[in-house]
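One line per chain: the protein sequences are A and B, in this order.
The first sequence begins at 1 in the working numbering and counts up by one.
The second sequence begins at 1 in the working numbering and counts up by one.
What the hints contain is simulated information worked out from the structure, not anything from laboratory work.
Some clues are possibly wrong.
[Said to hold, decoys possible] Listed next, the stretches of chain A that the computed footprint assigns to chain B, with coverage defined by at least 3 CB atoms under 8 Å from CB atoms of chain B:
1. 2-15
2. 23-37
3. 76-90
4. 93-103
As the structure is a computational prediction, the values presented were derived from the model and not from experiment.
Ideal placement from N, C-alpha and C gives every residue a C-beta, glycine not left out.
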Amino acid sequence: MGVGDPIGMAITHSIASGMGGMRAAGDLVARMQMTRGMKIDEAKKYVGDRLGVSVVDLTDPVLMSEVRGDLGLGTLHPLPLNPKGIEAKRNIAKILGIDINCVT
Amino acid sequence: MGKILTKLGDGSPAEFTERELKQDLEEGTRDAADRANVPPLSEEELKYLFDVFSSPYRFVSVDPGNEVVLSYDGTPLKMWRTQISVNRIQCLEIYEKLLGADTLEMGHVDYSFKPIKPIVGFEQPLLEKALLTTTAPIFYGAMPNLGLYSQPDGPFPNPSELLPMGKITEARESYERAVEDAVKDMVYVCSAMYESGADGIILDTVGAAGDADFLAGLKATEILKRKYPKMCIELGMAGEFVLGMHGELTYDGVRLAGLYPQDQVKLAEKAGVTIFGPVCNTNSSESSPWNVARAVTFMKACGETASIPVHVNMGMGVGGVPVHDHPPIDIVSRASKAMVEICRLDGL
Numbered sequence: 001m002g003v004g005d006p007i008g009m010a011i012t013h014s015i016a017s018g019m020g021g022m023r024a025a026g027d028l029v030a031r032m033q034m035t036r037g038m039k040i041d042e043a044k045k046y047v048g049d050r051l052g053v054s055v056v057d058l059t060d061p062v063l064m065s066e067v068r069g070d071l072g073l074g075t076l077h078p079l080p081l082n083p084k085g086i087e088a089k090r091n092i093a094k095i096l097g098i099d100i101n102c103v104t
Numbered sequence: 001m002g003k004i005l006t007k008l009g010d011g012s013p014a015e016f017t018e019r020e021l022k023q024d025l026e027e028g029t030r031d032a033a034d035r036a037n038v039p040p041l042s043e044e045e046l047k048y049l050f051d052v053f054s055s056p057y058r059f060v061s062v063d064p065g066n067e068v069v070l071s072y073d074g075t076p077l078k079m080w081r082t083q084i085s086v087n088r089i090q091c092l093e094i095y096e097k098l099l100g101a102d103t104l105e106m107g108h109v110d111y112s113f114k115p116i117k118p119i120v121g122f123e124q125p126l127l128e129k130a131l132l133t134t135t136a137p138i139f140y141g142a143m144p145n146l147g148l149y150s151q152p153d154g155p156f157p158n159p160s161e162l163l164p165m166g167k168i169t170e171a172r173e174s175y176e177r178a179v180e181d182a183v184k185d186m187v188y189v190c191s192a193m194y195e196s197g198a199d200g201i202i203l204d205t206v207g208a209a210g211d212a213d214f215l216a217g218l219k220a221t222e223i224l225k226r227k228y229p230k231m232c233i234e235l236g237m238a239g240e241f242v243l244g245m246h247g248e249l250t251y252d253g254v255r256l257a258g259l260y261p262q263d264q265v266k267l268a269e270k271a272g273v274t275i276f277g278p279v280c281n282t283n284s285s286e287s288s289p290w291n292v293a294r295a296v297t298f299m300k301a302c303g304e305t306a307s308i309p310v311h312v313n314m315g316m317g318v319g320g321v322p323v324h325d326h327p328p329i330d331i332v333s334r335a336s337k338a339m340v341e342i343c344r345l346d347g348l
């Protein structure tokens with residue numbers, strides 16, 4: 001994406017076509033594209049298999065909040081003592097079986 | 001069906017009949033097919049676009065399950081341009097927590113590698129701090145921006161002054177020397193930011209200064225991937241075809257001038273690019289349906305050729321999005337849906 005005010009560009013694309021970021025599992029699917037060069041279908045299936053959810057569930061914010069909370073992958077509203085930042089990324093690296101540059 | 005409300009490429013409103021809408025869609029895809037020597041959209045795909053643009057709804061979206069990954073360029077700059085009083089780390093936190101961003105991108109306000117080089121020591125700790133408080137992957141991005149390497153901004157004679165004087169050889173030499181310096185600057189900055197923990201690097205608006213600019217991006221990628229095999233590099237282009245400002249530069253035996261996205265991506269793959277970001281510039285004089293049909297035609301051919309993930313540029317003025325700082329939501333959402341669902345993309 002590129003230039004344009006956040007409502008007209010970033011938010012519109014996010015709602016029209018995006019995976020929702022860490023509100024769901026968009027950041028996790030992105031990591032598979034970035035670390036393994038996976039195309040979108042392969043990346044979604046990989047993440048779904050690792051988390052034990054279906055591909056459609058990956059953009060469900062209700063289900064994914066629960067999954068992310070259970071696995072310590074970081075959530076939009078972190079509760080006290082819940083993993084966030086580097087700790088959440090350490091868990092993501094472990095669950096997805098990838099190296100994360102700032103963690104490893 | 002009555003009048004169909006849409007926009008022109010500059011974002012101003014327009015009213016179409018069904019016939020006018022169909023005609024613009026057909027002409028848009030034909031224009032791209034003729035220029036890039038790729039197949040035009042099929043009858044079925046044009047019918048799909050007609051349905052998308054004739055939808056009475058203000059906002060449309062992809063079908064559930066078709067969502068894709070979003071990556072950004074110049075993320076913090078979007079907030080600074082609107083004069084929001086936040087620092088760059090806060091910008092990334094807002095994108096991650098409030099804007100549904102799948103990836104984040106740290107960038108300097110100048111957004112070019114050359115001016116970042118002397119201050120990279122100040123960029124690194126900022127990125128390191130951002131990595132402590134965020135969860136989504138963070139890219140560090142900037143542009144090769146070869147324009148900064150010619151006089152008066154840089155050390156080499158200005159090709160734009162040499163070419164009108166007929167000094168073709170001198171202009172070409174200047175571009176070639178600029179490539180060498182730009183590659184060094186990109187490798188220096190990207191290495192530093194990767195050593196500080198960046199999840200990936202974005203080389204953005206590559207080719208803005210023509211074929212030499214594209215060559216610099218490819219060469220820098222090649223060197224960085226040799227140095228850091230696990231580094232993710234997203235290479236985003238500046239336009240739908242590579243301007244032949246030099247005219248004779250090649251990469252891996254392929255002449256760069258005049259390449260369209262379906263050929264650009266093959267060279268990007270050879271260089272080691274992880275994610276490719278093709279571009280189609282919006283024509284502000286034509287309608288949005290014309291622009292979207294044209295953009296989708298280029299990008300479909302690119303997506304079908306690519307073996308690496310493709311994130312099409314869909315910001316203001318590209319990918320069928322109108323040329324305005326405040327892109328109209330009806331057109332952006334239609335362009336977004338059409339691009340993802342026809343081209344079977346990996347991201348935007």
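Status of each hint after checking the structure:
{"no.": "1", "hint": "2-15", "result": "holds (count 14)"}
{"no.": "2", "hint": "23-37", "result": "holds (count 10)"}
{"no.": "3", "hint": "76-90", "result": "holds (count 6)"}
{"no.": "4", "hint": "93-103", "result": "holds (count 4)"}
The structure is consistent with each of the numbered hints, conforming to all of them.
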